Structure formats: structure tokens, C-alpha cells
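If you read the sequences in order, they're chains A and B. Start counting the first sequence at 1; every next residue gets the next number (our numbering). Start counting the second sequence at 1; every next residue gets the next number (our numbering).
These aren't lab readings, by the way, just hints derived from the structure by calculation. It should be emphasised that the depicted structure is a prediction, and the values quoted were computed from it without experimental measurement. Note that beta-carbon positions come from the ideal geometry of N, C-alpha and C, so glycine has one too. Fair warning: there could be bad hints in the mix.
Residues from chain A that keep clear of chain B, each with C-beta distances beyond 12 angstroms, as calculated [said to hold, decoys possible]:
#: 1; residue: Thr-21
#: 2; residue: Arg-26
#: 3; residue: Arg-119
#: 4; residue: Pro-163
#: 5; residue: Ser-165
#: 6; residue: Gln-188
#: 7; residue: Ala-221
#: 8; residue: Glu-224
Rough simulated footprint, nothing fancy, chain B against chain A, three-plus residues with beta-carbon under 8 angstroms [what the hints assert, rightly or not]:
#: 9; region: 6-20
#: 10; region: 143-151
Calculated Cβ distances over 12 angstroms to all of chain A for the following chain B residues [to be verified]:
#: 11; residue: Ile-2
#: 12; residue: Glu-13
#: 13; residue: Gln-15
#: 14; residue: His-61
#: 15; residue: Asp-148
#: 16; residue: Ser-153
#: 17; residue: Leu-194
#: 18; residue: Lys-196
#: 19; residue: His-205
#: 20; residue: Arg-277
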Amino acid sequence: MSHTGNTTRLQHGRVGLALQTFSLRREDSSLPPLLLLHALGAGSDAWRHALPAWDGGIHGLDFAGHGASDWILGGGYYAEHFLADADIALAALGDRAAVAGAGIGAYVALLLAGSRPERIPAALLFPGAGLAGAGSMPDFDAPEMVSLEAWEARIAADAADYPSSTDPRVSGAGRDFRPDDYVAAFAQSATCLLFGEIGPAGDVGKRGPMPSWWMNSLRDARSEAVSGPAATAFARLAERAR
Amino acid sequence: MIAPSHPDAVAPERQHWIDCRDVRLRVHEWGDPAAMPVLLSHGFIDHARGFDRLAPRLAEHFRVIALDSRGHGDSGWGDSYMWSLDVMDVVRVLHWIGRPTHLVGHSKGGGQVTDAAVAAPERVRQVVNLDGFGPPDDEGFARPGAPDTSKLSLAERGAMYLDRRREADRRLAWPAGRSFEDLVARRGQQNPGLEKSWLRYFVYHAAREDVDGWRWKADPQMIVGGFGPFKPKWIAPGWKPLRAPMLALIGSKLDVWGPLPEPVLSERLGHVRDVTRGTVEGSGHFLHMEQPAETARLILEFLDR
Chain A
1 MSHTGNTTRL QHGRVGLALQ TFSLRREDSS LPPLLLLHAL GAGSDAWRHA LPAWDGGIHG
61 LDFAGHGASD WILGGGYYAE HFLADADIAL AALGDRAAVA GAGIGAYVAL LLAGSRPERI
121 PAALLFPGAG LAGAGSMPDF DAPEMVSLEA WEARIAADAA DYPSSTDPRV SGAGRDFRPD
181 DYVAAFAQSA TCLLFGEIGP AGDVGKRGPM PSWWMNSLRD ARSEAVSGPA ATAFARLAER
241 AR
Chain B
1 MIAPSHPDAV APERQHWIDC RDVRLRVHEW GDPAAMPVLL SHGFIDHARG FDRLAPRLAE
61 HFRVIALDSR GHGDSGWGDS YMWSLDVMDV VRVLHWIGRP THLVGHSKGG GQVTDAAVAA
121 PERVRQVVNL DGFGPPDDEG FARPGAPDTS KLSLAERGAM YLDRRREADR RLAWPAGRSF
181 EDLVARRGQQ NPGLEKSWLR YFVYHAARED VDGWRWKADP QMIVGGFGPF KPKWIAPGWK
241 PLRAPMLALI GSKLDVWGPL PEPVLSERLG HVRDVTRGTV EGSGHFLHME QPAETARLIL
301 EFLDR
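Please put together the full structure from these sequences, using the hints given.
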């Protein structure tokens, strides 16, 4: 771990990660640090204009291939790789944090909250890019055949949507399957999951139908939907994380 | 150290590099460059030179090309390993070959060449899968000495995966101070079915000597392992579109890595439109190393020449 300015460098295998500190913990705060996980293709800077009132310290991770983090040599991006990125950030924050994520960051927040329930008092999930993956299951009646040409074309097309700091290949992490029973096992293990209605980027208009795992998780007793703007959802997260 | 020789092994005649974006792949070749091509793909933690006994037999009729998968043998290392990357590497090698090719893969390589034949049907003639039909449905192959995780919940297994990844940066290189004999002993534990002189030959090409000792060529990051929702029962339904005829070979002896229980294997092969089955007598999982002559005979009998 090394610090330059307000960025801490972390190491996941051979891949260097950037953890950005947006605000420091106020000494008398009753809140744990807040770890922010961005949507697919974005970066921790996406939170800069949506920072909540949170005196426990606010930190934004750049997943591998995003923002100031290294690109993965050879590619190989998938949600559980980002999950391990987030867990390494959790360790750097003293192994206790509230987590909020958008899009694939929300999916990662759920998996992390389920894997580390004793270290994460509450997690807040927002819609955003990379939330649904490729759906819950492969279609066994019509298995997908992806040629090399189609694979390369996809990467090129996805790159057009990303800032130049993002590795175009990260889009692969938005094409994995997220089976209902798999996600449910993590949701049921989590201490508290909150589901925000509108993402901090306000991208409610762009999103398609919510994935089935999101709808299923909402039915769990430990889950709670929070309607209204992101600030309201963060206020609820603070109540549950204290 | 002088390279160990083996009376049955023939070193490749030619070697090439193929660039796959930012990882360089090594291929090894035997036989007439103008002959019909056969591409060989090895299993996890093995390498292309493990085909030094099978390849020369096939090279009597074919141009034989053996690929070192990324992270293995002389090929470059990546920072992350995924099944789909390996499959696309096979397809890239098929593009490099530039004409329809027979595919032969062992274990993980068997599953991957089959997926490559689905992804690039116009570039593949026939497929030979050497005991590469995936792990059993639930917990995977029970490796001796591995912790029993079958009683753990998915979330607990997720935590174990995260614990391993937190320490991944301690496994960037193999430790110093190991002798060649240490490595032979280690691989011998995993492959009790291999004869001693072949084991030494295989390990010599799986490793290199540095100033401070012998190290495996394979990337230790691969051992850290991944995690995800993938289920072994998803493998074979993905082979439904396979157009190429497949020869499915297993060994007659039950080994750690296979063969699958017969009902599971026949259910999986039930998804393959055109499949011929065969068994290599006297072999465990490593058909091409344990019984190369019989494995070659069955492959040559199957392939159009």
C-alpha cells in the first residue's frame, strides 16, 4: 500500500488498484468508512459530484481496468475479479465499512456484503451499467456462438462508450451470468441490503428492466427498497451502518 | 544440466510466436508444413512439450502444431485467467494457421478446443477430446489433500476465495532454492501413472533453471484460482451447435481428474450431434503421456487424412 495525495495504491496480484479518498473521517464520527464502487466502464471520479453527507470518511475504488487502476495484462475481467478488488479495498479501510455501489458495483457490493457479513454492516445498491450481466442463465436451447470477429467487434463497440482511462475489455464483466440461486445465497448471508431507486448519476431513463436477482433480493426480509433520490438512500444507509 | 532424453520423444522441428494483443503465445510444430494441420492443446498446468510422444506419431500424416496456453510453457503470462480467453486464443491460432484444422485437446484443453470448434466452425474439421468433459456436477474433482469445501455455504466459499485473492500478490513468482529433483518429486506425486524417465523429460520442459534454483514456467497466479457462478452442467449443452464430428476418448483406469462417472459422461456427450467414443486401455487421465501409441492409433483411425 502506498499513498500519493489522496490516492492509495493497493495490489491485487500483479494488478495495481487506486483507492481515492474523498473525505477523511471526523474524529467523533459514529459511522464506519464508506466504500464507493462505480458502474461498469466508469471510475471512482463518477462519485465526485454525488458525494453524500458522511463523516466516517468516503473512499472510492477504481476497479481493475478503470480510472487510475492498472489494466489487466491480457484481459480477463469478470465480476468476481472486481469483488476481490473491493475486498482488498475493504482490508485497506480496516476491514469494516459500509458499501455503496452502482451497476456492476452494486452487484459486487451484494457479493461482498454476503461474503463478509461481519465486516459490512450495510450495503446500498443503485442501478447502473453492468447491473444485469448476461441474465440469470445461458440459453441451452440456443447456446451463444461468439466468433473472434464478433468478440473483437463487441470490444470496439463498448470502447466507444468508455472514457479513455477504461480498458475496453472490461465490458466482458458485464456479460457474465448471474444465476438467481447464486445471488440469493449471498443476499441471504448479508447483514443488510438497501436498494436505491435512482442512481447517483440520475441515469434512471437509460436502464432496462431490473434483473431478476434484484427483484428476488428485494423480497428478502433483510432487504429494503429506498425510494427517492440518492441522498435519501445514503441517509438510510447511515442509519443502518451506525 | 543436460536435457533429459526419452527414447520415444521427438522435439518439435519448428517454433513460432503468435501475438494475442498483449500476450504472446508459443506454438511448436512437427511434420510437413504443407500437410493438413492438427492443433494440439494441453491441460491445466501442463504444456505443449507434453505432446512430444503423441505429436511425432501424428506428424507421419499431418502438420502438427502444439500450443502453450497463456500462463503455461513458453507462452506469456497474463494478470488474470479465464476460460473464454483460452478459447479465443485457440481461435486466434486457427486464424494464424489459416486453413481448416483438426483439433485435439486434453483435459481443460479438450473442453476448450471443443468450445473453439463451436466458435469457429468454418475453421475446424474434426475434434478429438481426450478426457476433457468437465468436472462432476457438484463439487468438482476431489483433489487429494485439498480442503473439503462441500459442507460450506456459497458465501463461505466466497470468503475463502477472497482470502486467497488478498494474498495473491505473494504468489507472483515461484520460490527460490528448489532443485530439479524437487520439481520431479512434486509432479510425480500428482502423476503416479507416469514412468520415471518420461516424468523427468516432461518436468524439464515444464521448468527452467535460474541462478537461484529451478522454477516452473507456469504462472503461479493461476494457482490462486477464481470463483464464480459457473456450473459444470453448463458445459455440454454449449456443445449442441458443434458441427465437427468428435472423438471422445477416456482412459480405462480411474484417475483423480477422470473419467467422469459413466452416467454423467454419457449425459454430457448426449448433447454432441456426432460423437464416436473410445477407451485407451491401461491409461489414466493423461492418455497422451501414459499410452501415446494407442492414443495416436485411435486418433489416426478417426481423423480424415
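Comparing the hints with the structure gives:
Every beta carbon of chain B lies more than 12 angstroms from that of Thr-21 of chain A, the smallest distance being close to 20 angstroms; the non-interface claim holds. A cut-off of 12 angstroms between C-beta atoms confirms that Arg-26 of chain A is not in contact with chain B; the least separation is 29 angstroms. Distance check for Arg-119 of chain A against chain B: the nearest CB is about 10 angstroms away, which does not clear 12 angstroms, and the non-interface claim fails. With a cut of 12 angstroms on Cβ distances, Pro-163 of chain A stays outside the contact zone with chain B, its closest approach being about 20 angstroms.
For Ser-165 of chain A, the non-interface assignment is confirmed: its Cβ lies about 17 angstroms from the closest Cβ of chain B, beyond the 12 angstroms cut-off. Interface exclusion of Gln-188 of chain A from chain B breaks down, the closest Cβ pair being 8 angstroms apart, not more than 12 angstroms. No Cβ of chain B comes within 12 angstroms of the Cβ of Ala-221 of chain A; the nearest lies about 17 angstroms off, and the non-interface call holds. At roughly 20 angstroms, the least C-beta separation between Glu-224 of chain A and chain B is larger than 12 angstroms, which holds for a residue marked as non-interface.
Counting residues of the region 6-20 of chain A whose beta carbon lies closer than 8 angstroms to any beta carbon of chain B gives 5, which reaches the threshold of three, so the coverage claim holds. With 6 residues having a Cβ less than 8 angstroms from any Cβ of chain B, the region 143-151 of chain A passes the three-residue criterion, so the hint holds. Interface exclusion of Ile-2 of chain B from chain A stands, the closest Cβ pair being 34 angstroms apart, more than 12 angstroms. At roughly 28 angstroms from the closest C-beta of chain A, the C-beta of Glu-13 of chain B stays outside 12 angstroms, upholding its exclusion from the interface.
For Gln-15 of chain B, the condition that its CB be more than 12 angstroms from all CB atoms of chain A holds, with the nearest at approximately 21 angstroms. No Cβ of chain A approaches the Cβ of His-61 of chain B within 12 angstroms, the least distance being about 28 angstroms, so the stated non-interface status holds. No beta-carbon of chain A comes within 12 angstroms of the beta-carbon of Asp-148 of chain B; the shortest separation is about 19 angstroms. A Cβ of chain A approaches the Cβ of Ser-153 of chain B within 12 angstroms, the least distance being about 6 angstroms, so the stated non-interface status is violated.
Even its closest Cβ contact with chain A, about 30 angstroms, leaves Leu-194 of chain B beyond 12 angstroms, as expected for a residue assigned away from the interface. The Cβ of Lys-196 of chain B lies farther than 12 angstroms from every Cβ of chain A, with a closest approach of about 35 angstroms, so its non-interface assignment holds. Consistency note on His-205 of chain B: stated as away from chain A, and its beta-carbon is indeed over 12 angstroms from all of that chain's, at 23 angstroms minimum. The Cβ of Arg-277 of chain B lies farther than 12 angstroms from every Cβ of chain A, with a closest approach of about 22 angstroms, so its non-interface assignment holds.
The structure shown violates the earlier hints numbered 3, 6, 16.
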